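All chains, full assembly: derive it from the sequences and hints.
Chains A and B are the protein sequences, given in the same order.
Residues in the first sequence are numbered from 1 upward in steps of one, following the numbering used here.
Residues in the second sequence are numbered from 1 upward in steps of one, following the numbering used here.
Some clues are possibly wrong.
[What the hints assert, rightly or not] Stretches of chain A that chain B covers, calculated by requiring three or more beta carbons in the stretch to come under 8 Å of a beta carbon on chain B: (1) 17-24; (2) 30-44; (3) 47-61; (4) 68-81; (5) 105-114; (6) 125-138; (7) 146-153.
[Claimed, not checked] One-sided excerpt, in silico: chain A residues whose CB lies under 10 Å from chain B: (8) E85; (9) H86; (10) L87; (11) A97; (12) H98; (13) Q101; (14) L117; (15) Q143.
Everything labelled a hint here was simulated from the structure, so no lab data went into it.
Note that the structure is a prediction, hence the values are computed from the model and not measured.
For every residue, glycine included, the Cβ atom is placed at its ideal position computed from N, Cα and C.
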Amino acid sequence: MTERERIAITVNGTEHEVDVEPRRTLVDVLRHDFGYTGTHVGCEQGVCGACTVLLDGEPVRSCLVFGVQAGGADVRTVEGLGDQEHLSPLQEIFSSAHALQCGFCTPGFLMLVTAFLRDHPSPSDAEIREAVASNLCRCTGYQNILRAVRQAADGAAVSDGPAAGDVS
Amino acid sequence: MTLRVEDARLLSGRGHFVDDVDLPGQLWARVVRSQMAHAIVREVDTTDATAAAGVRAVLTASDLPDLVLPVRTRVIQESLEAFQQAPLARDRVRYVGEPVAVVVADDPYAAEDAAELVGVHYDELEPVLDAREASSLDGPALFPGRGNIAAELEMGYGDVDEAFARATHVTRAELSVGRHSGVPMETRGLVAAWTDGRLEVWGTTKVPHFNRRVLADLLDLPVERIRLHATDAGGGFGVRGEFYPEDYLIPYLATMTRHPVKWIEDRSEHLVATNHSRHQAHLIEAAFDREFGLLALVDELWHDNGAYIRTHGVIVPDLTLSMLPGPYRVPAYRGTAHVVLTNRTPCGTYRGPGRYEGTFVRERLLDIAATELGVDPVELRRRNLLTPGELPLHRGLSAIGTEMTIDAGDVPGLLDRTMAEAGFDAWRAEAEDLRSGGRPVGVGAAVFMEKSGLGPHEHGGVDLLPSGAIRVTAGSTSLGQGVETVLATIAAERLGVLPQDVTVVLGDTDLVPDGVGSWASRSTVVAGSAVAAAAERVATLAREAAADALEVDPADLRMSGEGFGAAGYPQRRISFGELASHASEGIGARETFEVDRMTYPYGIHLAQVEVDPDSGGVRVLRYFIGYEVGRAILRDLVEGQLVGGAAQGIAGALLEEFRFDEGGQPLATTMADYLMPTAAEVPSIGVLISEDWPADSNPLGVRGAGEGGATGCGAAIAAAVDDAIERPGWVRSLPVSLEHVRTEA
Chain A
1 MTERERIAIT VNGTEHEVDV EPRRTLVDVL RHDFGYTGTH VGCEQGVCGA
51 CTVLLDGEPV RSCLVFGVQA GGADVRTVEG LGDQEHLSPL QEIFSSAHAL
101 QCGFCTPGFL MLVTAFLRDH PSPSDAEIRE AVASNLCRCT GYQNILRAVR
151 QAADGAAVSD GPAAGDVS
Chain B
1 MTLRVEDARL LSGRGHFVDD VDLPGQLWAR VVRSQMAHAI VREVDTTDAT
51 AAAGVRAVLT ASDLPDLVLP VRTRVIQESL EAFQQAPLAR DRVRYVGEPV
101 AVVVADDPYA AEDAAELVGV HYDELEPVLD AREASSLDGP ALFPGRGNIA
151 AELEMGYGDV DEAFARATHV TRAELSVGRH SGVPMETRGL VAAWTDGRLE
201 VWGTTKVPHF NRRVLADLLD LPVERIRLHA TDAGGGFGVR GEFYPEDYLI
251 PYLATMTRHP VKWIEDRSEH LVATNHSRHQ AHLIEAAFDR EFGLLALVDE
301 LWHDNGAYIR THGVIVPDLT LSMLPGPYRV PAYRGTAHVV LTNRTPCGTY
351 RGPGRYEGTF VRERLLDIAA TELGVDPVEL RRRNLLTPGE LPLHRGLSAI
401 GTEMTIDAGD VPGLLDRTMA EAGFDAWRAE AEDLRSGGRP VGVGAAVFME
451 KSGLGPHEHG GVDLLPSGAI RVTAGSTSLG QGVETVLATI AAERLGVLPQ
501 DVTVVLGDTD LVPDGVGSWA SRSTVVAGSA VAAAAERVAT LAREAAADAL
551 EVDPADLRMS GEGFGAAGYP QRRISFGELA SHASEGIGAR ETFEVDRMTY
601 PYGIHLAQVE VDPDSGGVRV LRYFIGYEVG RAILRDLVEG QLVGGAAQGI
651 AGALLEEFRF DEGGQPLATT MADYLMPTAA EVPSIGVLIS EDWPADSNPL
701 GVRGAGEGGA TGCGAAIAAA VDDAIERPGW VRSLPVSLEH VRTEA
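Pasting the structure below:
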């Protein structure tokens, strides 16, 4: 397995190129070849979702995608949401709702929820629970993650248009 | 502003976990593990692996000195050395997953390929899998000549025989708890490097100073030539950061190869290699008088510790016995534990060790007794719970080597408040209604006592920096529980600043002089008290320095925001930064908080569940926890601990179990087999945080909150399942078995 293939992947708007073995997973390429260590590996079995990134806009388990399959694709990782000084609204809500403890699963949840709220701007509580059930968290018991997604959805719905009575 | 000081880095992908550490010239290790539960190792053939592309070294036991991994928590005098694990198996393997060889290669893929080329030739032996059978001397033995019993523990007080002789009723039950573990989202991992005559290690977060002493001892290096670096940890729960075989192997390989060596456990390894826990069988008896008063408790337990004694020694069965009487008035008690070795993964602690198991057993016994006595289970508890006037109570038992004194509290009061706050009577009425309509819904309650704040000491330091920032150091470690925020808050409150202005440095053995670490719900209690004392000292020193600088009386200074101002003179101000810059030796203080006893939080768990008669599945409809924490530093974080703990406890009652086949092969080696709960299984959990009984063991008055979310789950869920299927006392083992529920419902 030593033949390598050159691939180009755009990560958070920056194009990267690397020679990889065909068996090298996308998450290893992102973490160890490109240095996007915000994406985490929890199981390498596609169960836990800690490695969730957006591949051409869709959430995928990057441990189950080979780097070569992502050649030419546009990947978005947690580093693309907001940095420490400028957290995105979703990241802010995760903090204020205490939706993270150890933070290991959090990047995966943030990417999952980013795609979910884009596709379901006014989700029901049941839809939120179903989406959040895609990934595993061992610290929070999920309660505050569900609350954060609810708040993010409600906030996003308000910010989509002027609130009633808002004349500015 | 973020809620916790940890949050911004973790939310933005800028955390610093061990797999984020990549060093120039780094090699990767892969451990070759036993595929047999019990076998003689005839030969380990490393020829092909050594010759494989990219391989730098392959090690077996014969390449290593003869040594065993240590016991960290010693609670008995007897040596356990004969049962402690060697870093690589020598002659005999005793569980599937036991390290047999280790391969080092240029990259992790090459290391994994080469590991498959290591040929291990075994003579298979009959596995030992039943702890109660294995405790007899007949049959196969893991340690020939030593049998399968690592230790026998016995403790108690009062005249048990006399109590049973005069009892009007005796209840007996055989009960068991399955094998669970913490299963943090981040697997274990280590990076070790030999740099300029020093060994540096990343990835040991939990008890770094202990692990450094062990490494120094095993590698024959002075401690000052070893530095353990802090890394973020993706969950601890008792299992992460203990000294495992790899904690010796990876540093050893770094010193041997003179290259940085990295090892990241994969999930399948984790599920067989990292400590398991729980797994006890109990035979418990209670004696009652005519008024339903408990006269005595007797418990005999078989603790399946797996193949070896690891760092936790026999602390789990010890804690099971010492905490078994819990919050009850128990005039006489005798507890016996057989610590049995079997051909399974070795065991250690997991959130609420011994209390999850003991609470299940004791509360089940009370439920069964209530049925036999014809009394309401909650009423039976009320009659036997310790009342505020009976405390402090010297229990006459020792827990983790400390004399057990239940300091203060009102358990019956918390029971009443919790039931009222949850609306438990309405839950019960609703369940009865639903049952009469054909839906098997039931409710259950459990009462328990926890322990926290173990000493013997912890260090805390506070320094004013020239920038005006404040730096806190402490011997605790950050495992995701929010201890950085807690310590920052404690310091900030005493210096009139915001927690965000405080930098917290933990877990680095060069930057923190000593530490006992983060376990046993101790960090807020013990490290928090040390940091509070240091911050108070710094506030005094800074006030004196400011008084000198401003030429005013210290008492006339007001501390605010970033420094001091003289009352009535708005222009006479000096900031913390200026004070730190002007003081020739800086302004700082280091304090040690010492304590020789634990504090005892207590709580109530309430559950309402529905059984699906077709599938046998149990769905938790409602859940509520009442918990006395003495004082909460940050209520949101206490609630987060309780809810997160409950998710683990509920899963242990209904879903999670490490099962093995009759040959000792593990059946849960992926996350698809070990059933961790998702958001679909964890119910909404209500919490009542009580701050009515501050602990007198520490100046903050806090009782640890890390474990009580899990402790009562097995007991409360079991009672609710019984109620749903209208078979009081039916659940006798955890996790509640689906096929059994189906038959009964």
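Each hint, compared with the structure:
no.: 1; hint: 17-24; in the structure: holds (count 3)
no.: 2; hint: 30-44; in the structure: holds (count 11)
no.: 3; hint: 47-61; in the structure: holds (count 3)
no.: 4; hint: 68-81; in the structure: holds (count 4)
no.: 5; hint: 105-114; in the structure: holds (count 4)
no.: 6; hint: 125-138; in the structure: holds (count 9)
no.: 7; hint: 146-153; in the structure: violated (count 1)
no.: 8; hint: E85; in the structure: holds (8 Å)
no.: 9; hint: H86; in the structure: holds (9 Å)
no.: 10; hint: L87; in the structure: holds (6 Å)
no.: 11; hint: A97; in the structure: holds (8 Å)
no.: 12; hint: H98; in the structure: holds (5 Å)
no.: 13; hint: Q101; in the structure: holds (4 Å)
no.: 14; hint: L117; in the structure: violated (16 Å)
no.: 15; hint: Q143; in the structure: holds (5 Å)
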